[in-house]
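Given the sequences, and given the hints that come with them, work out the whole structure.
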Amino acid sequence: MDTDTQHMTDPVTEREILKARALELAREPADKTAADTLEVVEFELSGERYAFELAQVCEVCALRELTPVPCTPDFLTGIVNLRGEILAVIDLRKFFGLPSAGITQLNQIIIIEDSRTRLGILVDSVERSLTILPGSLQPALPTHTDVRADYLRGITGDRLAVLDAAKILSHPRIIVEDRDDT
Amino acid sequence: MDADEFAKKLLEAFTIEAGEHVETITKGVIELEKTPAGGRLKELIESTFRAAHSLKGAAHAVNRPDVESVCQVLEGVFAMWKRQPEPVSADDCDVLSAAIDVVGSQLADAAFSKSPAGRQAAREIIARLRAIESGHAPHTAVPPATPATPPSAPAPPPHEHAEAERATIAETVRVPVAKMNSLLRKAEGMIGVKLATRRYAVELRTVGMLVDTWRAEWGRTRDEAGGKDGHTSGSAELLTAFIDWNRDFMQGVEDRLTALTKAIEADERGVSTAVDDLLADAKELLLLPFTILLDIFPKQIRDLAREQGKEIALVIEGREVQIDKRILDEMKDALIHLVRNAIDHGIEKPDARTARGKSRGGTLTIAVSRREGNRIAIDVSDNGAGISVEKVKAAAIRQGAISVEDAAAMGNEEALQLIFQSGVTTSAIITEISGRGLGMAIVREKVERLGGHIAIESQPGAGTTFHILLPVTLATFKGLVVTAAAQTFVIPTSGIEQIARVKRDAIRTVENRPTLILNDRVISLVLLSDVLELPPTSAQQESAVVEIVVLGVAEKRVAFIVDEVLTEQELLVKPLTRPLVRVRNVASAAVLGAGTPVLVLNSADLLKSAAKISGAGLGAYATAGAEKEKAPKRTVLVADDSVTSRMLLKNILEAAGYLVTTAVDGVEAFGALQRGKFDILVTDGEMPRMGGFELTAKIRADRRFGELPVVIVTALGSAADRDRGIEAGANAYIVKSTFDQNNLIDIMRKLIA
Chain A
1 MDTDTQHMTD
11 PVTEREILKA
21 RALELAREPA
31 DKTAADTLEV
41 VEFELSGERY
51 AFELAQVCEV
61 CALRELTPVP
71 CTPDFLTGIV
81 NLRGEILAVI
91 DLRKFFGLPS
101 AGITQLNQII
111 IIEDSRTRLG
121 ILVDSVERSL
131 TILPGSLQPA
141 LPTHTDVRAD
151 YLRGITGDRL
161 AVLDAAKILS
171 HPRIIVEDRD
181 DT
Chain B
183 MDADEFAKKL
193 LEAFTIEAGE
203 HVETITKGVI
213 ELEKTPAGGR
223 LKELIESTFR
233 AAHSLKGAAH
243 AVNRPDVESV
253 CQVLEGVFAM
263 WKRQPEPVSA
273 DDCDVLSAAI
283 DVVGSQLADA
293 AFSKSPAGRQ
303 AAREIIARLR
313 AIESGHAPHT
323 AVPPATPATP
333 PSAPAPPPHE
343 HAEAERATIA
353 ETVRVPVAKM
363 NSLLRKAEGM
373 IGVKLATRRY
383 AVELRTVGML
393 VDTWRAEWGR
403 TRDEAGGKDG
413 HTSGSAELLT
423 AFIDWNRDFM
433 QGVEDRLTAL
443 TKAIEADERG
453 VSTAVDDLLA
463 DAKELLLLPF
473 TILLDIFPKQ
483 IRDLAREQGK
493 EIALVIEGRE
503 VQIDKRILDE
513 MKDALIHLVR
523 NAIDHGIEKP
533 DARTARGKSR
543 GGTLTIAVSR
553 REGNRIAIDV
563 SDNGAGISVE
573 KVKAAAIRQG
583 AISVEDAAAM
593 GNEEALQLIF
603 QSGVTTSAII
613 TEISGRGLGM
623 AIVREKVERL
633 GGHIAIESQP
643 GAGTTFHILL
653 PVTLATFKGL
663 VVTAAAQTFV
673 IPTSGIEQIA
683 RVKRDAIRTV
693 ENRPTLILND
703 RVISLVLLSD
713 VLELPPTSAQ
723 QESAVVEIVV
733 LGVAEKRVAF
743 IVDEVLTEQE
753 LLVKPLTRPL
763 VRVRNVASAA
773 VLGAGTPVLV
783 LNSADLLKSA
793 AKISGAGLGA
803 YATAGAEKEK
813 APKRTVLVAD
823 DSVTSRMLLK
833 NILEAAGYLV
843 TTAVDGVEAF
853 GALQRGKFDI
863 LVTDGEMPRM
873 GGFELTAKIR
883 ADRRFGELPV
893 VIVTALGSAA
903 DRDRGIEAGA
913 NAYIVKSTFD
923 QNNLIDIMRK
933 LIA
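Going line by line, the protein sequences match chains A and B. Counting from 1, one number per residue, gives the positions in the first sequence under the working numbering. Counting from 183, one number per residue, gives the positions in the second sequence under the working numbering.
Hints are supplied without guarantee of correctness; some may be wrong.
[As the list claims (entries may be wrong)] Calculated cross-link-like contacts (lysine-lysine; reagent style DSBU-like; alpha-carbon spacing at most 35 Å): (1) B:Lys531 - A:Lys167; (2) B:Lys573 - A:Lys94; (3) B:Lys660 - B:Lys514; (4) B:Lys815 - B:Lys932; (5) B:Lys628 - A:Lys94; (6) B:Lys540 - B:Lys191; (7) B:Lys738 - B:Lys660; (8) B:Lys918 - B:Lys859; (9) B:Lys514 - B:Lys756; (10) B:Lys191 - A:Lys19; (11) B:Lys756 - B:Lys790; (12) B:Lys209 - B:Lys628; (13) A:Lys167 - B:Lys756; (14) B:Lys918 - B:Lys932; (15) B:Lys444 - B:Lys465; (16) B:Lys790 - B:Lys660; (17) A:Lys167 - B:Lys190; (18) B:Lys859 - B:Lys832; (19) B:Lys209 - B:Lys540; (20) B:Lys794 - A:Lys94; (21) B:Lys794 - B:Lys514; (22) B:Lys190 - A:Lys19; (23) B:Lys685 - B:Lys514; (24) B:Lys514 - B:Lys296; (25) B:Lys376 - B:Lys507; (26) A:Lys94 - B:Lys790; (27) B:Lys531 - B:Lys573.
[Unchecked claim] These stretches of chain B come out as covered by chain A in the derived footprint (C-beta under 8 Å, 3 or more residues): (28) 212-224; (29) 705-717.
Everything labelled a hint here was simulated from the structure, so no lab data went into it. Every residue gets a Cβ at the ideal spot worked out from N, C-alpha and C, and that includes glycine.
Laid out in structure tokens, this is it:
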């Protein structure tokens with residue numbers, strides 16, 4: 001009873017509630033599709049096709065000047081100046097431990113981040129963004145024993161490897177922390 | 183604004199306000215302790231009372247009963263003093279100080295009050311405050327176990343304690359409206375730049391279109407004049423007409439381009455001043471006076487001094503000096519550490535001081551001053567016991583940082599630097615706040631990461647001073663731009679001792695390490711590219727002159743060979759961020775001219791890394807140098823029965839430019855002296871067949887070599903041995919255990935100048 005009267009006497013609260021309800025109703029169909037599909041950004045690296053989930057990608061930009069950083073693991077290609085901020089850029093092939101496959105362009109950077117880490121991924125080219133059905137993703141093949149499998153969300157029917165940016169970002173191997181203990 | 187957002191804003195405002203009140207109360211309590219009865223005392227009590235009262239009210243408004251209840255009792259105590267003003271005792275001040283700590287912890291973390299420890303702390307402090315209020319009998323009312331250690335007993339764990347301190351530097355910056363207006367005006371000026379850029383783009387497109395028109399016209403003329411058979415009657419006229427048109431047309435294009443160029447050139451000057459101005463203004467917004475940081479010290483020093491039974495006067499100079507807020511924030515812990523160290527290890531107890539003929543109370547001085555070149559100096563000094571070099575050495579040996587031999591060979595200045603190494607602490611007992619030996623290493627790393635420099639000076643018995651030099655703003659530091667392995671790097675100027683160009687043939691190998699004599703001192707030499715684990719460039723191997731950058735102090739200096747020293751300039755620091763948490767040899771990044779990122783190297787790391795590599799990559803240098811002997815050299819005869827000693831001495835002396843002949847004992851040495859001509863003899867003391875003392879005596883007895891300078895280098899260190907050497911006629915006597923190659927060379931230079 002008490003709460004009822006309060007609703008009646010407070011038009012602001014009432015309107016808020018109605019508005020929230022309306023929003024929720026309006027959003028429902030959208031939610032449904034989002035649950036069923038996955039938007040991804042497809043890119044090419046050494047002739048292979050990979051993708052990141054669109055939601056995990058902050059930005060894509062062209063690679064301009066790259067400065068190598070000595071005394072770091074080889075997958076760390078260097079740093080770039082992105083609008084005044086210094087960003088570490090890695091070569092996924094080396095990070096995955098794949099053999100270097102000939103000459104590649106590596107002229108675009110896909111930037112991924114989580115709450116703590118921000119990272120540029122060097123790629124040959126960013127192809128497009130597309131919608132896939134998560135249900136269609138197959139787990140990595142048992143033959144896929146390489147490092148890549150750890151970072152894979154799955155492989156689509158047409159052999160697009162969808163990577164998990166969060167797993168790359170949170171992997172301890174990605175952190176360069178050279179404490180001098182001696 | 184919804185309710186949550188409002189509550190958040192309210193809390194933010196409370197945090198700032200509470201910080202200010204706590205500060206006022208803190209200052210008030212410190213002052214109260216020193217103030218005798220009188221008008222000033224009344225004033226102080228009044229202002230402190232008001233701050234406690236306001237804080238109580240503010241806490242109530244944001245529903246913080248924890249803070250409110252402590253403040254209420256605190257207010258009561260001041261209210262009582264208001265009624266009957268009398269000087270406040272040191273014991274009462276202890277309680278007040280502890281109360282401030284509790285409030286500080288509560289403010290820093292609301293969860294603290296809900297924890298058992300927090301509740302306990304609040305209960306205890308309220309009881310102690312009430313004791314003061316209710317009868318001026320703190321001695322009996324206070325829990326007997328903890329009368330003089332307020333911060334440790336009821337207070338939060340050290341971590342939370344530190345958090346509370348951090349909160350006192352407000353995360354907001356107050357900016358005068360005039361400054362904001364000026365900044366806004368300058369930002370508005372940038373609209374002009376935007377419009378101009380657009381105008382130029384349009385103009386350039388127009389010129390581009392004119393060029394297209396010209397090409398079309400030329401194509402048409404060529405087709406028509408050239409014709410199918412190439413000799414149409416009208417071709418000459420057509421061409422003439424085109425040439426006339428072309429002249430006028432191109433004149434038009436040229437005029438446009440000239441006008442455009444002029445406009446852009448004029449703009450360029452204006453824009454570059456405007457941008458620099460704007461940037462300078464924006465940086466200035468972040469400049470804060472030091473007082474914000476220094477204000478935390480009076481209370482802290484008071485509490486620590488009371489706790490340890492010491493009397494310490496604090497002198498602060500240069501509160502008004504302005505520095506970048508970010509540097510202030512970063513330096514806070516480092517300064518706290520230095521101050522705690524000074525109290526813990528530096529200033530002695532009153533009795534000890536009196537016994538040494540000093541005043542009972544020690545003085546701790548924090549002096550901040552502006553230096554040229556946009557730098558700020560902070561000197562933290564105490565007139566306490568000073569640092570015992572011997573203790574530092576012993577601690578370093580214990581830690582395995584240096585060997586016993588190293589320690590023996592080490593000069594005082596160098597040994598003092600050891601305290602900056604992790605693990606080296608001189609305090610006999612590890613106390614809660616210092617003595618763990620990590621502190622000074624962290625202090626140095628902090629300072630250097632900010633582009634600064636720290637040095638120590640200490641006089642046993644007279645005191646210790648730490649000199650810190652920092653840039654005023656984080657954004658600017660001076661760096662030397664060099665290339666190595668065909669890549670550009672920046673070395674912070676603050677760590678550089680010297681830059682030089684040296685002839686390659688001056689490089690010698692000593693103890694399998696390439697070395698160089700610079701300013702009469704032997705310093706070891708490495709390729710910067712080797713230290714950075716990069717392949718060397720061929721240019722380095724070929725040139726006859728190499729450029730070196732000398733880093734480090736005293737005996738720890740190392741010369742780094744670079745491809746080229748480009749320039750020294752002011753740079754913008756850009757911190758490296760996760761995943762690059764800490765990269766060996768790299769301190770941060772910076773941005774050069776057109777936005778190219780460049781790495782700023784970490785001088786301390788470079789020295790450490792240099793010590794680890796063998797310098798093998800430099801073999802080519804040393805041998806190339808050894809082949810080119812030219813100027814007439816001083817000749818030295820070295821007599822020593824130990825192969826190692828002989829080789830070592832030979833190498834050192836050759837590196838210093840002497841021509842060396844060796845002998846295995848006194849007999850062989852005497853033979854050599856008779857055959858050849860030598861400028862000086864360096865001999866071991868104990869050798870088979872004929873020792874150094876005997877050899878010296880024999881030389882002195884022989885007219886032919888009467889004047890030959892003799893240096894005895896021996897393991898025999900006693901005074902009697904030394905006397906024996908002097909008696910025999912030696913000019914210098916060096917004990918092997920304290921052997922220092924620079925020392926030897928200095929002595930030799932003096933003897934055969």
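Check your understanding: Which numbered conditions among the earlier hints are violated in the structure presented, ordered from lowest to highest?
Key -> Failing hints, ascending: 1, 2, 6, 23, 28.
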